[in-house]
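Asks: Residue numbers (the UniProt record's numbering), protein chains in the order written: chain A, 1 to 246; chain B, 1 to 246; chain C, 1 to 246; chain D, 1 to 246; chain E, 1 to 246; chain F, 1 to 246.
The set of hints was computed from the structure by calculation and includes no laboratory data.
Below 35 Å or equal to it, Euclidean Cα-Cα: the simulated DSBU-like pairs (lysine-lysine) are:
1) F/Lys-153 - F/Lys-7
2) D/Lys-7 - E/Lys-174
3) D/Lys-174 - E/Lys-217
4) F/Lys-174 - C/Lys-153
5) F/Lys-174 - B/Lys-174
6) C/Lys-98 - D/Lys-98
7) E/Lys-98 - B/Lys-98
8) C/Lys-57 - D/Lys-153
9) C/Lys-174 - F/Lys-174
10) C/Lys-98 - A/Lys-174
11) B/Lys-98 - F/Lys-98
12) D/Lys-174 - D/Lys-53
13) B/Lys-64 - E/Lys-98
14) F/Lys-7 - C/Lys-174
15) F/Lys-153 - C/Lys-174
16) F/Lys-174 - A/Lys-53
17) A/Lys-98 - C/Lys-98
18) E/Lys-64 - F/Lys-98
19) F/Lys-98 - E/Lys-174
20) A/Lys-7 - B/Lys-174
21) C/Lys-174 - B/Lys-174
22) E/Lys-174 - C/Lys-53
23) E/Lys-174 - B/Lys-174
24) C/Lys-98 - C/Lys-64
25) E/Lys-98 - B/Lys-53
So these bits of chain F aren't anywhere near chain B, every CB distance computed over 12 Å:
26) Asp-88
27) Lys-153
28) Ile-237
Label-pair ranges, simulated between beta-carbon atoms:
29) B/Asp-97 - F/Arg-56: 29 to 35 Å
30) C/Asp-244 - F/Thr-100: 29 to 35 Å
31) B/Asp-106 - F/His-200: 24 to 30 Å
32) F/Glu-62 - B/Lys-153: 15 to 21 Å
Beta carbons are placed, not taken as given, at the ideal position from N, Cα and C, and that holds for glycine.
Protein chains: 6
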Amino acid sequence: MTENTAKKTALVVSAHSADFVWRAGGAIALHHAQGYAVHVVCLSFGERGESAKLWRKGEMSEEKVKTARRSEAQAAADILGASIEFFDLGDYPLRADKETLFRLADVYRRVQPHFVLTHSLQDPYNYDHPMATHLAQEARIIAQAEGYRPGEKIVGAPPVYCFEPHQPEQCNWKPDVLLDITSVWDKKYQAIQCMAGQEHLWEYYTRVAQQRGVQAKRNVGITSQRDIVYGEGYQSIFPRVTEDLA
Amino acid sequence: MTENTAKKTALVVSAHSADFVWRAGGAIALHHAQGYAVHVVCLSFGERGESAKLWRKGEMSEEKVKTARRSEAQAAADILGASIEFFDLGDYPLRADKETLFRLADVYRRVQPHFVLTHSLQDPYNYDHPMATHLAQEARIIAQAEGYRPGEKIVGAPPVYCFEPHQPEQCNWKPDVLLDITSVWDKKYQAIQCMAGQEHLWEYYTRVAQQRGVQAKRNVGITSQRDIVYGEGYQSIFPRVTEDLA
Amino acid sequence: MTENTAKKTALVVSAHSADFVWRAGGAIALHHAQGYAVHVVCLSFGERGESAKLWRKGEMSEEKVKTARRSEAQAAADILGASIEFFDLGDYPLRADKETLFRLADVYRRVQPHFVLTHSLQDPYNYDHPMATHLAQEARIIAQAEGYRPGEKIVGAPPVYCFEPHQPEQCNWKPDVLLDITSVWDKKYQAIQCMAGQEHLWEYYTRVAQQRGVQAKRNVGITSQRDIVYGEGYQSIFPRVTEDLA
Amino acid sequence: MTENTAKKTALVVSAHSADFVWRAGGAIALHHAQGYAVHVVCLSFGERGESAKLWRKGEMSEEKVKTARRSEAQAAADILGASIEFFDLGDYPLRADKETLFRLADVYRRVQPHFVLTHSLQDPYNYDHPMATHLAQEARIIAQAEGYRPGEKIVGAPPVYCFEPHQPEQCNWKPDVLLDITSVWDKKYQAIQCMAGQEHLWEYYTRVAQQRGVQAKRNVGITSQRDIVYGEGYQSIFPRVTEDLA
Amino acid sequence: MTENTAKKTALVVSAHSADFVWRAGGAIALHHAQGYAVHVVCLSFGERGESAKLWRKGEMSEEKVKTARRSEAQAAADILGASIEFFDLGDYPLRADKETLFRLADVYRRVQPHFVLTHSLQDPYNYDHPMATHLAQEARIIAQAEGYRPGEKIVGAPPVYCFEPHQPEQCNWKPDVLLDITSVWDKKYQAIQCMAGQEHLWEYYTRVAQQRGVQAKRNVGITSQRDIVYGEGYQSIFPRVTEDLA
Amino acid sequence: MTENTAKKTALVVSAHSADFVWRAGGAIALHHAQGYAVHVVCLSFGERGESAKLWRKGEMSEEKVKTARRSEAQAAADILGASIEFFDLGDYPLRADKETLFRLADVYRRVQPHFVLTHSLQDPYNYDHPMATHLAQEARIIAQAEGYRPGEKIVGAPPVYCFEPHQPEQCNWKPDVLLDITSVWDKKYQAIQCMAGQEHLWEYYTRVAQQRGVQAKRNVGITSQRDIVYGEGYQSIFPRVTEDLA
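In isolation and in its complexed conformation, chain A is listed as follows (with noise of 0.2 Å):
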């Protein structure tokens, strides 16, 4: 699956601001450490769903709120080494036209991604993100299409990968990949931390992550030195193409 071109890249589509942090934080930073151009789209702030400790402050506004959630988001990405852009859409509900549709095929095109990371395909708890991710499905298939935009070099077939929900097997979401992320866990941790507006998450993902790491142990073929603490879940949509079973 080896190519010669300048440098990998990575497409992150998140539907709120701060999604991307808990449930692919430790892949960004993994794969930045690895020489990947990681760049994350957040297709709203969250500022009606996902922000109520902001709202309880008082003398809130919806502009205030995005802007507190776009520091927050940047200060991550930062920590984390991607590049990020905002489609601000709104949500709750989160909703897509044509033209954001081409807007985010666009953004395939142009990062050309060597893979995708997005939300579960289900979360009865949370519209939005099942949305997300029909997007960004929808967007990889435009920008794949040579009728789009005929003459541009279009995409080829990048795996795209479901981070973790809040609350797993009500998604319906089953992990098929377990990446070990113990080496930029700091980094994750870090980057949590810039949710100000969310600390009740803290703990939970730190959990999440510890309870990935052990599993990702108990998955290991041949017991090596190597040790993992941390882990990131994924659930793959496409098959993978490889020339090794190990």
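Using the hints provided, position chains B, C, D, E and F relative to the given structure of chain A.
Replies: Then chains B, C, D, E and F, alone, in the frame of chain A:
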């Protein structure tokens, strides 16, 4: 996942003596070419259920059929570069008691496989196949247990892949891995031709390889120079532990 | 789960103006009898798709059908003891824009339901039904968000139950709750009889209630004196929080 | 299920202008040969997403591609013996508003189909396909409603079959019907050859037909003289009503 | 599917001696009326688990219960027009060794069925039922094998249908075939009345037939004159091979 | 569901002698505190498969390991307030014959449980676990049968809950019940500490309890004063019969 053992190894658990050829011949030849020691266990010769052509010859007995099937399988294994052993448990129905379970667990301990290939979890056309999967899975668990033959070296958690059944959708089998076997297709087709008793399947499984090849090409992340023509599909049972998502 | 609010409440979201009767009439009457204030939202009158008998009368217009359906539904709600309102969104197809979503979210905020009843997640015979479920679910999420109409009292996480579709297995609907409606069956059957335009369904849904009654009896933990004759089945969307497993 | 109408009819709803050929060409030719009037609706020309070869010719415009695709499809329909119409909705993405829904419902009313063929329920590689299925299903429901264009002849409940997607297992598509198309294979292959822009698929879909042919042979109840060589797989959405189980 | 054998045949594999009546009595009578020879195998008498009323009579022994159950089943089979045999394997739990498997395979060979009816694949309320299905399926496979009792006439691939369990949704049973049994309902109800020991089920299964009748009517392609009042639901295990999709 | 028996009871069927602690310790302590008599059956000591640390001590024999495991389990049961018995069937593999089945059925008859806790339906990492579930389910069915040891008091239909496996998503386990165990967490953690041989799991299962606690809090209908910190998840096998949906 790398470690400094002398040689990488793989284990294939095949219900009948030809299954490993149709379903995993490419994986075997490919990993052999990569330096793996691949070992095949044939639980039965398929003497009753998968030797129709031989039986129709007349003057046949179960022993004669088994002998014929054994030499076909041995010849195929030789071509693919695998060692092979025969449990001779009988087929239609295949049954396994505790002693057989331990016998297979001992093979796991001896081989210390880096990955395992076996049948699909379901098959309404063939009850021996899921029985073989069940046995392969349970033996793997026994071989992992410290308390089974204490003092012996236990096995780690080698990934287990289900190879393709004859009618994939009817078995609820869904490949999440597409293996590029283009470089070893000639070996696989040579091995297939050893199966004189099932000539009607030669072209069927050639087409399977071609279809999986086309599909593999459609799922490659970034278009590469390399051309995929033949493939094999696999379904993982366990999550994959990795540090690279591309 | 108890708390000291004045009165317990429930919300029923019905795609067409008769669904709440066939599918949830027992639950409504039962909880009304227990002191709940039950509120029904009919998204449409089912004027196109579920009023065949009325249309066959001749000299009919959409307005006349809607008027007839409204009085049937009002009469049924009165018998069951529920308040009712009509969104009049049209049916076949039922469609909902953002304003409708907010309108329903506002109902959630006003009612503050202890539980919610709506349609199944799938129905290949009726696309309005899962559309209603989707709307009910997404409105619930909006109503939970601090940032939606900030300052208003948000709703908690009321359990949502999917009531029985017309052909349950075809909708992949599986009841995990069987409600004993024996004590209010007379009310439900009275309400059913208000549906003059769908008389062919009266006996069908009587038999549904009898079958669910028999099944409820078969699932009672410890044989009790109480006799269950009529039941309603429900499928939960969310896990139940409890302190007692009996 | 027989009745004395003048002529039996079938409706095929195809997302792009070539889908009906690869996926249902055999069924169309076979039923045409049996006296059915088969009508095809192409929702789009697949001008963006499925005309890569045409775009690579240079000097192309969307209109030119559409014209080329229309003549290919018309030629194929002629060979298969079907009438055809083009909705020209655009592809990648395919979108349908209420008017389109009614337009298709009107086709149902006009054709009064004895069965309907359309795409699979899911397809992670192609979002236009399940969109077409959704539209075909919802239009069928509208066409059944007495209150839609009251006075017109409504349709019954024609069975709906999902034809085979490009990567069947990845679409969770499972055929429960195998159609013997051996007698019309030459017609189908002729029609396939009309698709000059997608020559790389000719052999792929020939092999699909051969594999489904072998599988059909394996599922015939009692060995008959008749030899099945080519087949097409279908997945039913609704239960079949019958008086004979053989 | 047609061939020139003397007479069409069917095989019913029933875990307990009354199951074939409740669950498949209509199919049996209907096909008998169409000229099929239908043969029923009762694996057990259901003496322990399904004879509660008999046991409550007092002065009962297992032998007495079995005798009573045998005459009920024989009487029902006579009414339905089927031959019947009893394996007397015991129930609660039903267990089958290799000899039983071969015994049933021999029945397949003798009967050469055009279709097979048996239990659902799952039933959390009754472990004997899926055990019977497993046995019926595996015996069918043995009977297809050239190498089992070589020289005998093997069986083809008769379709296998799972009949309706007591609580269908809980068994994940989903009917894809609705059989119109209106013309033989009187026979079925007569046969049902032979089951003196399970009188509480008479009305339950009458209502099941009525519900499936209504559902069958809703799934008829083109409205016909014929009126369906009673039905039976079946779930196919294998794909159907056909040349007509209407 | 209430009735006037002397005391409510519960039954826990545990494959190995520590499973009931990690997976159901909270439920046991909680219901003990509510006055239930909870009885635990340990099918094996987990001497082979779940005692790695003990085996590594050296100078160990199966008997010594079993003795150590028995005292750990007894101590944990004492803390949780449960009675306990050991079937000593052996583990890796766990196997059960008819006599074992009857032995467990007799426990059901004796205990007359109001609910039952056991393992998940699937577990690819541990084949003893689903074997235990199978046994618990089938024994329950035997114990319900009038014809098994006629004259004895049969059991009703106690709900059965599957407790949480080690890697929940991989076992396709989905909790539909979240039990608030905050009030008894200290007991559970004390019991956990009895498991000296599996110290690596203490923190793992503490985190499991914390995650389920957070999730329980998110699923409470109406925000209550009560704070949930620790939880246990369960998956029901049977539908719940109730008269209150809140």
